[in-house]
Amino acid sequence: MAENAKLTSAEQIVVKFTGDSGDGMQLIGNQLTALAALDGNDVNSLPDYPSEIRAPAGTIAGVSGFQMCLGDHKIYTAGDAPDVLVGFNPAAVKHSAKFVKAGGMIITNSDSFTEKALEKIGYSGNPLEDGTLSGYDVKAIPMTTLVREALAEMEMPIAAKDRCKNFFTMGVLCWLFNKNKQLVLDFIQQKFGPKATKPLLKVAQANTLAFKAGLNYGETTIMFQERYDLGAAQIEKGLYRNITGNDAAALAIAAAGEKAGLQPFIGSYPITPATDLLHYASEFKDVDLVTMQMEDEIAGICTAVGASCAGNLAFTTTSGPGLALKTEAAGLALMLEVPLVIVNVQRGGPSTGLPTKTEQSDLLQSMYGRNGDSYMPIIAANNPADCFDATFQAAKIALKYRTPVIVLTDGYIGQGSCPWKVPKMDELEDLKPYVNFWIPEAHKGEEYVSYKRDPETLARDWAIPGTKGCQHRIGSLEKDETGAVSHDPLVHQQMTEFRKAKVDNLAQVLPEVEVNGKKSNKILVISWGGTFGAVKGAVDRLIADGKPVSGINLRWVWPFPPNLGEIISRFDKVLVPELNMGQLSLMLRAKFLVDVQSLSKVQGDPFREFEVIDKVNEMLGE
Amino acid sequence: MAENAKLTSAEQIVVKFTGDSGDGMQLIGNQLTALAALDGNDVNSLPDYPSEIRAPAGTIAGVSGFQMCLGDHKIYTAGDAPDVLVGFNPAAVKHSAKFVKAGGMIITNSDSFTEKALEKIGYSGNPLEDGTLSGYDVKAIPMTTLVREALAEMEMPIAAKDRCKNFFTMGVLCWLFNKNKQLVLDFIQQKFGPKATKPLLKVAQANTLAFKAGLNYGETTIMFQERYDLGAAQIEKGLYRNITGNDAAALAIAAAGEKAGLQPFIGSYPITPATDLLHYASEFKDVDLVTMQMEDEIAGICTAVGASCAGNLAFTTTSGPGLALKTEAAGLALMLEVPLVIVNVQRGGPSTGLPTKTEQSDLLQSMYGRNGDSYMPIIAANNPADCFDATFQAAKIALKYRTPVIVLTDGYIGQGSCPWKVPKMDELEDLKPYVNFWIPEAHKGEEYVSYKRDPETLARDWAIPGTKGCQHRIGSLEKDETGAVSHDPLVHQQMTEFRKAKVDNLAQVLPEVEVNGKKSNKILVISWGGTFGAVKGAVDRLIADGKPVSGINLRWVWPFPPNLGEIISRFDKVLVPELNMGQLSLMLRAKFLVDVQSLSKVQGDPFREFEVIDKVNEMLGE
Amino acid sequence: MADTQLTKKYFASDAEVKWCPGCGDFAIMNAVRSGMVAAGKPRDEVAIVSGIGCSSRFPYYMETYGFHTIHGRAAAVASGLKVANTDLDVWVISGDGDSTAIGGNHFIHAIRRNLDLNYVMINNKIYGLTKGQYSPTSEVGQYSKTSPYGVLDYPMDPLKVAVSLGGTFVARGIDKNMKLNEEVCVRGALHKGFSMMEIYANCVIYNEGAHDKLTNKEEGANFHIILRDGEKMIFGVNSQYCLVQDGFGVKAVKVENANQADILVHDEKDAEMAAILSGMRPDNGLPIALGVIYADDRKKTYDDMVYEQIDAVKQKRGRTMDQIMQEGHTWTV
Amino acid sequence: MADTQLTKKYFASDAEVKWCPGCGDFAIMNAVRSGMVAAGKPRDEVAIVSGIGCSSRFPYYMETYGFHTIHGRAAAVASGLKVANTDLDVWVISGDGDSTAIGGNHFIHAIRRNLDLNYVMINNKIYGLTKGQYSPTSEVGQYSKTSPYGVLDYPMDPLKVAVSLGGTFVARGIDKNMKLNEEVCVRGALHKGFSMMEIYANCVIYNEGAHDKLTNKEEGANFHIILRDGEKMIFGVNSQYCLVQDGFGVKAVKVENANQADILVHDEKDAEMAAILSGMRPDNGLPIALGVIYADDRKKTYDDMVYEQIDAVKQKRGRTMDQIMQEGHTWTV
Ligand SMILES: Cc1ncc(C[n+]2csc(CCOP(=O)(O)OP(=O)(O)O)c2C)c(N)n1
Ligand SMILES: Cc1ncc(C[n+]2csc(CCOP(=O)(O)OP(=O)(O)O)c2C)c(N)n1
Ligand code: SF4
Ligand code: SF4
Ligand SMILES: [Mg+2]
Ligand SMILES: [Mg+2]
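Line by line, the protein sequences give chains A, B, C and D. Sequential numbering from 1 applies to the first sequence in our numbering. Sequential numbering from 1 applies to the second sequence in our numbering. Sequential numbering from 1 applies to the third sequence in our numbering. Sequential numbering from 1 applies to the fourth sequence in our numbering.
No lab work stands behind these hints, which were simulated from the structure alone. Every residue gets a Cβ at the ideal spot worked out from N, C-alpha and C, and that includes glycine. Careful: at least some of the hints might be erroneous.
Partial chain B-side listing against chain C, Cβ under 7 Å, derived [what the hints assert, rightly or not]: (1) Thr272; (2) Thr275; (3) Leu278; (4) Ser282; (5) Glu283; (6) Asp296; (7) Thr352.
Simulated pairs of lysine-lysine, BS3-like, Cα-Cα distance not exceeding 25 Å [to be verified]: (8) C/Lys232 with C/Lys176; (9) D/Lys251 with C/Lys299; (10) B/Lys615 with B/Lys101; (11) D/Lys131 with A/Lys191.
Model the full assembly from the supplied sequences, consistent with the hints where possible.
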């Protein structure tokens with residue numbers, strides 16, 4: 001009996017799951033996320049795949065992971081060192097034990113510690129027994145045995161029974177974290193229950209049994225001396241959904257199309273880690289989203305440009321090497337001055353690099369990776385859920401200014417998930433006013449001139465094929481206001497300046513950046529995109545510790561927000577943590593002539609809060 | 001009789017030829033270049049094509065130009081406002097008169113001022129008569145009539161006779177500039193004379209007659225009150241040749257291959273204004289240069305990468321939009337760490353832009369236009385002849401560091417020409433020491449490890465297919481020292497740092513930049529690539545005028561030369577004139593945190609000295 | 001708008017045409033305008049997409065919507081444009097280099113997908129705009145600026161490739177035969193599906209006389225055959241040759257030596273015959289095929305299928321955006 | 001080095017093979033090693049170039065020089081490598097996506113040029129590495145992650161396209177038939193010129209059973225035919241079917257109903273027959289052709305021609321670098 005297990009209240013718990021790639025770490029992670037969220041916690045998570053090829057089971061190379069942080073307050077990252085590691089086999093334990101907090105808990109399936117399995121990872125002894133893990137609180141549970149026992153009565157293949165191990169584990173964790181078991185039982189019914197097909201019903205039953213066995217195991221063994229209790233976070237009311245960044249972006253594309261009254265269109269070519277976006281979007285035919293999977297990235301963007309020319313709301317989705325291939329055609333969209341959103345889910349580079357790992361090293365490519373002087377706005381998403389808003393905003397700006405816009409996310413954000421407050425379609429901003437096609441009816445007596453510009457936004461007048469009497473020619477050569485090719489030196493100068501000014505102008509309407517902490521201070525830490533969470537978490541903790549540190553986050557990475565220079569000028573030092581060799585730093589240095597310090601990390605892995613904290617302390621000379 | 005025409009000695013004369021695209025402006029320009037050079041002057045020239053499509057004859061859009069500056073001292077640009085304009089028809093005169101120095105000379109073919117021709121360019125009156133050109137010293141010569149007369153006895157089609165107009169003009173200019181007529185007569189013999197085929201012989205005779213008619217015209221009419229006499233420039237002794245930048249680069253490719261003991265190889269795809277390089281190089285089969293014209297730019301660079309992997313000395317040649325397409329594969333070369341030289345002849349952008357016009361707007365693309373953190377050295381050629389040395393140096397560095405290197409030239413440099421002191425092959429640096437293939441014979445007892453590095457250069461050990469016992473695998477994924485794919489976080493960090501350090505290291509062996517003028521001063525003007533001439537000329541003149549100005553030129557644009565920061569720190573202000581919107585400025589600002597001012601011009605046209613001078617004076621508050 | 005209003009002139013813009021005098025492209029423009037007249041769409045429902053090349057300047061000369069894009073990408077841009085708005089009559093005009101060199105990939109995939117595009121490939125067997133380099137359709141041994149000692153690459157026959165990709169309309173014209181080009185363009189315009197029209201053109205500046213063998217007054221007719229559906233395949237200056245089957249291929253024989261019944265009759269719907277006819281070359285003793293080589297519109301177009309699928313999914317799932325957004329693991333706070 | 005030393009094991013590296021258990025690629029690796037043995041070059045004169053994909057991981061498993069390049073560009077990289085050093089035995093290993101999607105352009109042009117490369121295209125009709133999107137060889141209606149409602153694009157048949165481009169060696173294998181694959185790879189290795197080998201493979205994870213129709217024990221033989229030069233084209237579980245000519249194409253009939261003399265005999269050198277055989281599909285009532293469909297090495301290879309031209313120019317012009325540099329308008333100061 002574990003009745004005497006102490007219920008410790010905690011502010012946050014970091015849990016990491018590791019196991020074979022095939023073991024469904026992402027799945028169980030998502031289940032715990034949903035459970036915690038339903039229970040009122042805030043959650044942030046981080047999946048960690050092995051290499052792109054399915055590595056052999058039971059090996060270190062084959063270990064797949066999923067880390068999450070649950071808390072009673074707003075949670076910005078998946079946390080630093082895990083409090084609890086659930087490692088499903090010896091390889092998983094060997095791989096991840098070193099990350100666990102000193103004295104932290106390691107839950108594992110003791111049945112998997114066979115001699116063969118241990119040999120595979122080069123262990124001669126059994127780490128559960130030989131003291132290797134003595135620094136941790138190890139819970140070795142014979143999961144396989146217990147699950148098979150619990151399902152003894154069920155007629156199912158052994159392999160299928162073993163797959164219920166995950167719900168057994170959920171049971172243990174549900175008890176351990178003092179969660180409402182009904183939520184899981186409901187979920188099982190929802191997913192595999194009555195509405196499901198026959199074989200699934202059986203799965204529902206089996207999973208229910210396994211889950212209950214897990215719950216009982218927690219309650220009845222004396223293995224656990226302590227349980228955690230997390231209070232509910234202050235979370236805005238509403239309907240929530242756990243979502244990956246790629247899925248959120250896919251939804252934003254369809255939503256932006258609907259709000260703009262235009263058919264949304266994606267021209268793309270699969271590439272890790274952006275493919276899931278295309279997968280999910282391909283399902284949205286019922287809301288008129290057209291996806292064209294093309295022969296290559298160039299065709300992907302070019303069809304999108306074509307669709308944009310025809311008046312669709314066009315997107316193309318990719319990752320680094322794909323962006324490299326799209327740059328020439330991105331220049332075409334820029335010259336045509338048609339709206340286009342390029343979603344780039346960054347990964348480790350250069351070249352094919354580290355396809356499954358995260359990095360932020362396409363920023364300079366996004367800024368400067370085109371021939372000629374070519375300017376495009378760039379927006380970065382801060383977390384998975386934020387991909388919805390970032391993509392939606394990008395579409396708005398693309399329409400409003402008739403320009404290509406780049407959305408930067410990364411492998412971590414794109415494939416990671418977090419709770420997202422699902423907006424209602426009619427709460428979203430109406431984009432129709434930004435479409436504003438030129439139609440003769442609205443311009444009686446005027447003639448259509450293709451590069452005539454709105455004096456404020458510098459957006460050109462835009463008439464699409466099919467518009468009565470507005471037929472005209474545009475192209476990729478330099479041209480004058482009428483769209484006619486021009487080699488006039490001053491026309492090129494002026495058009496180049498227009499194209500630049502259009503993007504610069506956007507800065508004027510961007511919201512001012514808000515400073516987290518004092519407005520003037522010793523150190524300013526600037527985050528962008530995926531570093532948002534770690535920096536926010538770190539700065540919050542530093543401020544709580546009374547350190548002279550403030551933080552800001554750049555949502556639009558280009559152009560810079562209007563008050564950025566002024567903010568920067570009020571700090572002694574500026575630190576930019578980046579998953580690259582200092583790319584935003586370079587842009588900031590060039591623009592503001594400030595000796596920005598770069599905390600650079602290129603290890604395929606996002607920042608941990610402590611890395612930022614350590615660096616700041618170092619800068620403070622502590 | 002013009003016997004009393006005064007012989008004025010001049011330091012430099014700027015001459016501009018304009019006429020129909022088909023009229024051979026480049027040809028006559030090259031002839032005058034050779035004539036002046038043979039006579040000991042220094043010469044610099046600048047062709048100016050109309051748009052890419054052959055525009056109709058006799059129209060402003062169809063005007064093609066060629067400007068040159070001859071001098072008795074080192075000449076760095078084709079000069080600012082022409083002293084003498086030779087405009088072959090009304091369109092040419094209309095187009096170019098405005099550029100001529102006030103009171104300058106305009107020579108034209110009065111026979112071409114027919115009513116029809118004038119109408120075509122929208123003139124109602126005849127500008128030769130109605131005072132339109134009153135500010136100039138107009139020499140209206142009935143060239144057609146005179147040439148036809150001179151060739152009356154020759155049995156040739158009228159059109160062929162009319163083509164001799166160019167040599168008639170050469171005759172006039174030969175007299176006007178007091179050049180040695182024998183040089184032209186010899187040239188005609190050399191080109192069309194005895195060794196030539198029958199029809200050419202006739203051309204030789206006709207051109208000789210026309211040339212003499214031109215000479216006589218100068219001597220015997222009273223039209224010219226003044227002749228110019230240029231002293232010989234102090235020019236290094238040697239064999240000279242008038243050469244375009246593209247041709248010089250082509251020669252360097254073949255020469256570098258020979259000096260490295262490797263087969264030179266070009267994988268390419270035609271694109272203006274880089275095509276001439278490929279044209280010329282395609283002729284060099286007799287010195288083993290392999291050129292593969294591929295299906296597109298991507299294939300162009302990829303074959304070059306393949307050839308490099310096999311141990312050829314590989315090059316790919318292109319212009320802006322082509323470079324955009326090559327960036328992904330450039331990243332491959334970078335990851336493989338094989339030598340590769342990318343010659344990019346910049347043109348007006350973005351997108352297809354201004355294909356026939358010059359610009360320097362691919363600098364940032366060259367620096368940052370690849371996915372991931374990827375570093376490549378960039379060298380820029382200062383003038384047409386310098387393309388030889390820049391390309392040769394690039395090959396050396398590519399070999400030495402096993403890295404892709406980008407050579408930046410531009411339309412002006414690539415298609416423009418200037419005298420080049422032809423080096424002897426055995427005077428050129430031996431590149432064999434940098435090849436240094438890993439062969440087992442030289443490493444007894446050692447095993448080949450593909451990413452083992454030279455501690456000094458960080459160049460990896462390089463064994464090519466066919467090397468006994470050294471078979472190994474390399475690729476575009478991140479890898480460890482053995483070439484095996486690695487997802488280890490720290491390996492990626494370290495490899496990224498190695499790739500960066502390799503390029504940074506190059507700075508250590510670069511020659512220090514030399515300052516033109518005082519080492520510490522008010523204003524430093526920095527040139528790179530094609531701005532070299534205008535900046536050098538301008539700074540020389542400013543210094544001569546006693547202005548507190550110095551100049552430097554960047555040959556390697558990345559990495560920056562070691563003493564650059566220190567030099568910059570000794571000046572109050574830094575000015576960078578660039579044919580772009582401030583790209584080098586951005587790099588300098590980011591690196592040195594100095595408020596570099598950018599003199600930016602994107603008009604398809606190189607800087608004139610006066611533009612730089614005016615800007616400097618403005619900065620000096622004058 | 002009544003069809004009667006549509007004339008060739010109606011489709012002509014007033015931009016000055018900047019091709020070299022004598023360039024073959026002029027004749028082709030005329031034929032394309034006839035195609036548009038036949039298609040019957042008013043000019044503001046017509047879009048022309050081109051790449052880069054002399055031939056790709058085409059859109060400027062047409063009073064329609066025109067998109068002069070980047071080198072090689074016209075097919076891809078046009079694919080997106082057509083799928084985005086299937087009501088448009090979409091034409092692609094591209095050169096041999098633009099289509100088969102840098103644009104080769106988009107070209108083959110557009111054919112494969114059977115998008116409803118009218119694709120005119122102007123084949124002068126040279127890169128005109130960049131001043132004379134050989135192209136993938138240039139002949140072995142051809143001299144050009146980049147092949148001063150002769151081309152080594154075997155040429156590609158775009159129509160043969162088109163047939164192998166299941167192209168549903170495959171036809172060839174030649175600048176000098178204006179009537180035939182009109183026919184080809186009209187048929188192509190009316191065809192539902194990818195209409196592949198290759199038109200040989202003479203680049204007077206960089207590849208003068210490339211097609212002389214076919215256009216030559218005295219002998220040209222001996223080297224090409226004009227195909228007409230249901231008609232016997234007879235050709236030659238004096239109609240003295242005919243085509244007869246020879247294994248899986250054909251051979252040319254003197255009509256007088258042929259058994260009348262053996263003389264092949266052209267069947268536009270025979271894809272296997274088209275594979276042979278599209279690849280005939282004088283080098284192999286066979287005439288170049290001109291006219292409509294293959295035409296069959298029974299295959300669905302990609303663009304139609306896109307919307308059929310959308311309709312089917314609407315029928316089957318029919319979710320609203322709000323419903324989609326509310327799917328997955330949801331909970332209410 | 002004596003040929004006898006060359007064994008399959010000699011070509012195996014000791015890197016751990018990371019394909020999924022059951023993946024069709026294993027079998028193909030075995031066949032390729034046999035090809036290398038046949039080619040008779042020591043392993044340090046063999047180079048393998050691949051793109052990106054599961055199949056493109058191939059080089060790591062071979063004890064030769066290996067270049068794992070970027071997605072779609074293997075053919076281009078290999079073209080340069082081969083021309084740079086014609087002594088090497090150069091293999092390209094690529095997937096269906098790598099070859100026909102992003103790499104389509106290089107693929108068609110490498111075939112056209114007849115470079116002396118051994119090109120193995122592993123066709124599992126899916127993008128394996130990126131976890132299951134349809135490819136240009138996927139079937140209409142196929143479900144995949146990016147075609148949840150079925151593929152709309154008509155598939156491309158790479159071998160048919162290869163024939164239309166004048167490919168000089170065109171053959172097909174299938175993972176399950178190891179003997180045949182060895183034959184194909186050995187023949188391909190020995191062929192001088194571009195050897196196009198398509199090998200069907202089963203992706204057990206994302207397109208399990210894609211080729212079951214052909215490999216199925218009971219009925220598979222009814223849906224494919226193994227071609228052998230000079231032999232009658234008979235197939236079927238009980239050798240009950242044969243191919244006979246039908247116009248310019250072929251049809252499958254019961255042997256018992258066929259006139260013996262009408263049963264077609266395979267002729268590897270008949271390019272027109274190859275055009276038909278390479279495109280046969282069960283959808284059209286015809287068996288998929290396996291084995292060597294076409295093989296003819298009379299056409300010169302591009303790489304040989306490069307050096308013939310170089311030699312010719314040396315003969316004709318034979319300038320030295322110094323001479324070339326001193327050409328043009330020169331003068332002495
Ligand atoms: C990316 C890119 N590469 C190369 C070029 C240069 N370029 C422009 S048109 C052309 C070839 C034109 O040939 P073709 O398509 O046959 O057209 P033509 O001029 O013969 O009508 C080339 C190589 C370019 N504009 N862009
Ligand atoms: C430029 C670029 N685009 C896309 C990708 C992503 N990608 C890698 S492999 C692949 C397709 C693999 O399919 P296939 O060639 O059929 O090989 P398989 O894995 O099926 O063997 C894709 C889309 C990439 N690595 N690089
Ligand atoms: S260069 Fe050739 S293709 Fe181009 S316009 Fe002139 S004749 Fe026509
Ligand atoms: S995913 Fe498919 S193709 Fe890739 S290794 Fe696994 S079975 Fe083979
Ligand atoms: Mg052409
Ligand atoms: Mg595949």
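Okay, the hints, checked on the actual structure:
1. Thr272: holds (6 Å)
2. Thr275: Holds - the Cβ of B/Thr275 comes within 7 Å of chain C, reaching about 5 Å at its closest.
3. Leu278: holds (6 Å)
4. Ser282: holds (5 Å)
5. Glu283: Since the shortest Cβ distance to chain C is 5 Å, the answer is holds.
6. Asp296: holds (4 Å)
7. Thr352: holds (6 Å)
8. C/Lys232 with C/Lys176: Distance ~23 Å between C/Lys232 and C/Lys176 Cα, so the pair holds.
9. D/Lys251 with C/Lys299: holds (21 Å)
10. B/Lys615 with B/Lys101: holds (20 Å)
11. D/Lys131 with A/Lys191: Judged against 25 Å, a Cα distance of about 24 Å means the pair holds.
Checked against the numbered hints given earlier, this structure breaks none of them.
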